[in-house]
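Residue numbers (our numbering), protein chains in the order written: chain A, 1 to 611; chain B, 1 to 269.
The set of hints was computed from the structure by calculation and includes no laboratory data.
Given the structure is predicted, the values throughout are model-derived calculations rather than measurements.
It is possible that some hints are incorrect.
Covered stretches of chain B (in silico footprint by chain A; criterion: 3 or more residues with CB under 8 Å from a CB of chain A, positions within the stretch not fixed) [what the hints assert, rightly or not]: (1) 42-54; (2) 63-77; (3) 141-149; (4) 159-171; (5) 187-194; (6) 245-251.
From the three backbone atoms N, C-alpha and C, an ideal C-beta is built for every residue, glycine too.
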Amino acid sequence: MKGARNPSTNAGGCTIGGVPLFIRSIGAIAFMLAVLCCGRAQAAMPLIHLQADSVGFYYDRFLIEAQGHVQVRTSGGMSMTGDAFSMDLKLNRFVLAGHVHMQNSDGAQDGAALADFITFNRIYFVPITSEPDRWTFLNGDFAHPVKGREMPGDTFYFPDLGTRRPFLISTGAVIGAGSFVRFSGNHVDIANGMGAYVPTSSYYVNFSSDINLAQNSLAGANYDATWQFAGGANAISALHFRYDTINKTYLSFEQHWTGSKAYAVFSVNPMTRPQKFWDLLLSDQPSDKFQVRTFTQLATNQTWLQRPDASGQFTILQATWALPRSYAQLAVQDTNFSLLPPGVYDGIAPIIDHPWQLALSSQTLDHRIGHTPFYEHVGYGVGYVHDAARVLQYLQGTPYTTIWNHNLDATVYVPSFKLGNSYVETKNYYVNASVDKNRQWFSNGHYTDSTTSRLTLSKMFDNHFVSYLGYTVQNLGDYYGKLQTVAYPSFVPVVGGVLYPGYAAFRGLATFREVALGVTYTNGGNFSASLLARKHDDFPKPIPNFFAPPPLDVLGNEIQGQYYLGEPTYDVRADVRVRVNDHTSIDVSRGYYFNFGNRGWSPETVIQVLQ
Amino acid sequence: MTKFFSVLSLGVLLLCAAAGAGPAPVTVVTAQILDFEKGYLFLTTGDGFKVATDVVISNGPVVPPRYARVTFDANGMVTKIEVSRTKLPPEGDLTALRRYAVSLSPFKPDPDLVPSANPSLCARTVPGKHVLVAITVQIPPTTPLTDDIYMTTDQSGWNPQAYKMDRVDALHYRTVLRLNSGTMMRVLFDRGSMQSLQVAENGIQAKPMLLCIGDSDAQDWSPRVYKWADQISTGTLPVPQTMPTPYNPAPFPNLPTPPPFPTHAPLSK
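For reference, chain A alone in the conformation it holds in the complex (with noise of 0.2 Å):
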């Protein structure tokens, strides 16, 4: 977002047709909420309103146990009242015990118990008339009692809850069967069933299976305690209390929503720290065979909501279409680097920089070659790159605004080979490998070569302990032909007054090879311990503080994309993992590079703590 430089006199922000590419993009969002808003018919859900003098919620098994003067209302037009309440939102039942009383629109009656099985439009009732019965009511028919018949051995059950303590402690709740729960005026415990209680004014849980309302749009974090203080059947609002290695403590804000087939998330993260990420997420899938997405992201450094003095955005649009026994993709990329006028900023000019990206791909689906092992997949694509206020390239002195290209791949992998006859897995060994191969054309006269082989033994040792080996070659080639010297030429570094001639053979033609060793120990999912040792033989060699570090994530993990330079020759890494408690883990792993370059150590430790 920041820059020294600032080569354009333009008032900045990429413009089509006069209109500036951002506001298309916040168009394009509003169509797309539009789309999301009104496009699809509301299923009809029950509503259940609890009141009780108890309501405890217990988050592990999704159970809402309640207590004294319980009051329970249906948005079918039942209310009912009674002694104890017990429903499983994950079942979507519910009983209600002792002295119940039930009104409904054909009468009243008391009874000992009632329980309504939602999913299945049963309701099971214990009247007591001259003599305790028994009565079922088929799909919402009050008028007509089935008398007498059986009902499911365990219909009137409450769980045993043992000494247990409730996650929440409420006095109210409204339950969306089958999709949220919302408590008003609650007690949240914040130590994971250790009983501190601090309270909040409201409290809300889905529970859905509905994947769409989960989508997020925030960074990974450390920690990150969530209050999901409102929400409905297709709406979330939360706050996020979270920890990283760069942001420390801070807040950030969430809200989504959700309709049928289509989804928005919208965020911004941190919300209390100066450097702000806003984003928006969209995705829509009008048909089985047709999905768009879009993410757009607005970064600003301000405090609180000042002028900022640095912006940037983006926006990534996704299109992809299912073809019989392949898929087609469009991805179209936007940037703005800097969305602020021409000027300077803090001392600091913003660089004027907006490309645009396209790429258009095709891929077969995954395919068996006869009755071999083997499986394969090929793709076809074509891109193209246009930035008007930078020069993406110059080669020879030309400089190239516009580059067009179109490549080729092609996949070839072994999933599993058994070594080994024996039908008991331990004593088997397995191999598995693949074999990808890309050549991508550039319209500037030279084309990329890339190779990817890995090959694994692995071998399972018992139910606890399972290793592997690993050999992995990485061949990437840059060819321009008769300017392969102009395009890379051969220089020798001095890094520490030491020369290093080994690089000047460096032409743009790189392998990275790699031998793996992994042992991983599992103790039935409570603990599992899992190291990794590695050996680089690279070309060109890694010279210690010449090539640049990986940057690090918020998590504190190396960002080690592909074709790095540099790594260390040996690296080990340790990851230890362990249970908590029944929806808690902590995660903790660090590496170590044997004092290459002066690095011992990686520079964070890693924890994480996962819910």
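On the provided structure of chain A, position chain B as indicated by the hints.
Chain B in isolation, oriented as in the chain A frame:
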């Protein structure tokens, strides 16, 4: 002699008949309370039993969902209720008690409860047993070697980092969990964020896979991931909280610029 034995046999038979017609022994069961009102005690089986007027109640009110040790007399009348806040060890046969339950209407079978001819695994499962579930997922060959793989489920609120997997080899990751039998969960795999969620083989958003935990001691499940949502033909989509890297004509992300010829750094003249 024959007459003597006949009389003796008759006497024995009469004695046996007299013994059979006598009062049955007292019955004791432990159960959970559903309700206690209007002279009836209801248990969570749904059955209601008459309570003797001189019933002895100990340890507090008879309210749901407390537990109780209940004593029945020979006529099926409740004579003693010992209430407990905690679950009691099983005692007596609740099914056999049904003969004492009071119900106005005659029993009718429920057609909803007739077992299906082809029940699903979960419908056949005895619930409540701890089962070791080993999940081994096959990932696409294009997955970066240094990435972590996670499992996300509806049971964990679709948290994309709920279950971290361990690498088995270049194409497989594994985790072992202890889950209750009868659990049904919808599952997807990801690389640590919702942006990197798996997609279907045809590139469209994947529908969650259903995992049903049976009641065997251990269970294996081997799903497959065909593709990740953030992998597109031009590489990988930027993740939140990062601006895209400026276009680099060289395919090496951290190639140092040679001192005299700034060929790869796309600088203007």
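Structure versus earlier hints, numbers of those that do not hold, lowest first: As far as the earlier hints go, not one is violated by this structure.
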